[in-house]
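**Student:** Here's the letter readout for the chains.
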Amino acid sequence: MLDVDFFRRWLRAAAAAVEREAGRLTELDSAIGDADHGSNLQRGFRAVTAALESEPPETPGATLILAGRQLISTVGGASGPLYGTLLRRTGKALGDSAEVTAEQLAEALGAGVAAVAQLGGAKAGDKTMIDALEPAVAALGTSFAAAATAADEGAVATVPLLARKGRASYLGERSIGHQDPGATSSALLIAALAATAGE
Amino acid sequence: MSTDKPVGVVLVSHSRAVAEAVAELAIGLAGGGATAPVAAAGGTPDGGLGTSSELIAAAAAEVDRGAGVALLVDLGSAVLTVKSLLAEGDELPPGARLVDAPFVEGAVAAVVTASAGADLDAVEAAASEAYDYRKV
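Chains L and P supply the protein sequences, listed in that same order.
The numbers in the numbering used here rise by one with no breaks, and the one at position 82 of the first sequence is 82.
The numbers in the numbering used here rise by one with no breaks, and the one at position 117 of the second sequence is 316.
Do not rely on the hints blindly, as some may be mistaken.
Said to hold, decoys possible - Below, simulated BS3-like cross-link-like pairs (lysine-lysine); rule was C-alpha separation at most 25 Å, straight line:
1) L:165 to P:204
2) L:123 to L:92
3) P:282 to L:123
4) L:123 to L:165
5) P:334 to L:92
Calculated directly from the structure, the hints in this document are not laboratory data.
The whole structure should be built from the sequences, with the hints applied where relevant.
**Tutor:** See below:
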């Protein structure tokens with residue numbers, strides 16, 4: 001069973017990964033975006049970490065909802081509402097149980113990913129975070145480690161794609177050949193989940 | 200179609216200068232009498248390029264007179280941030296609505312219509328109709 005402590009550790013691990021990889025995310029975003037993905041997420045996850053310290057929620061669901069809110073209000077770019085919606089919707093789907101199973105988390109994360117797809121109007125193959133998140137959710141039924149691998153493969157598979165959403169879509173053909181920054185940060189989030197589960 | 204209280208209009212851009220200039224343009228073109236309340240929510244709180252949910256919520260509260268608030272937005276994160284604030288439920292005044300319209304033309308249509316005392320549906324319709332006006 002996954003308790004509130006597991007979710008706090010996941011978010012702290014995600015924040016640490018964002019700190020570590022912020023430079024790389026911004027570098028990817030400078031190729032096809034507006035070169036702020038790393039610094040934007042850094043600001044957002046620092047706010048998440050601070051909020052978890054100052055007002056620690058008591059359930060897994062409330063933890064994700066709090067984190068989502070922080071991301072929406074502090075990131076400043078499209079990744080704020082997108083990641084905010086992912087975490088908040090996942091948190092809402094978990095309800096107010098004190099502990100959840102890995103299966104419940106997989107199902108809730110599926111609802112979160114669907115909400116992100118709806119908000120951004122993106123589907124698989126559009127060269128967005130959906131390309132990492134959808135395969136990750138599908139693989140969660142197997143294991144956290146399988147989800148991390150699937151997310152990473154999904155992110156790498158965005159390289160040859162033509163961007164259809166966001167700032168990168170204005171580049172048309174020139175977006176081809178670059179890995180999507182959003183899919184890359186999504187893979188970091190899922191890798192942090194697997195690491196938290198000890199896989 | 201008309202109410203005693205005016206609909207508020209919020210202009211959300213990635214740039215403070217763009218939001219403020221479009222607000223000024225719309226108010227100027229609606230001029231001749233009292234205009235509906237208009238607020239600009241452009242850029243980040245520190246003046247950089249981006250979208251701020253904080254500025255958007257404050258702007259919506261500022262123009263809310265109880266008749267609803269029409270939010271017009273420019274690109275990407277402006278659209279997504281307003282949508283997620285609306286999904287949150289209690290961040291924006293009751294009757295706040297994301298209006299699907301071209302930013303500049305829609306803003307002018309919205310402010311002119313709201314200033315004439317129209318309700319939120321009419322303001323939204325006028326702003327959205329700006330999409331139908333082809334330039335060539």
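**Student:** Run every hint past the structure and note whether it holds.
**Tutor:** Status of the hints after comparison with the structure:
Restraint check for residue 165 of chain L and residue 204 of chain P: not satisfied, since their Cα atoms lie roughly 39 Å apart, outside the 25 Å limit. Distance check on the hinted pair: residue 123 of chain L and residue 92 of chain L sit about 22 Å apart at the alpha-carbon level, within 25 Å; holds. Between residue 282 of chain P and residue 123 of chain L, the direct Cα distance comes to roughly 18 Å. Compliance with the 25 Å bound is thereby established for this hinted pair. The suggested pairing of residue 123 of chain L with residue 165 of chain L holds, with an alpha-carbon distance near 9 Å, which does not exceed 25 Å.
For the proposed pair residue 334 of chain P and residue 92 of chain L, the alpha carbon gap of about 46 Å is over 25 Å, so the pair is violated.
The structure fails hints 1, 5 (numbered hints given earlier, in ascending order).
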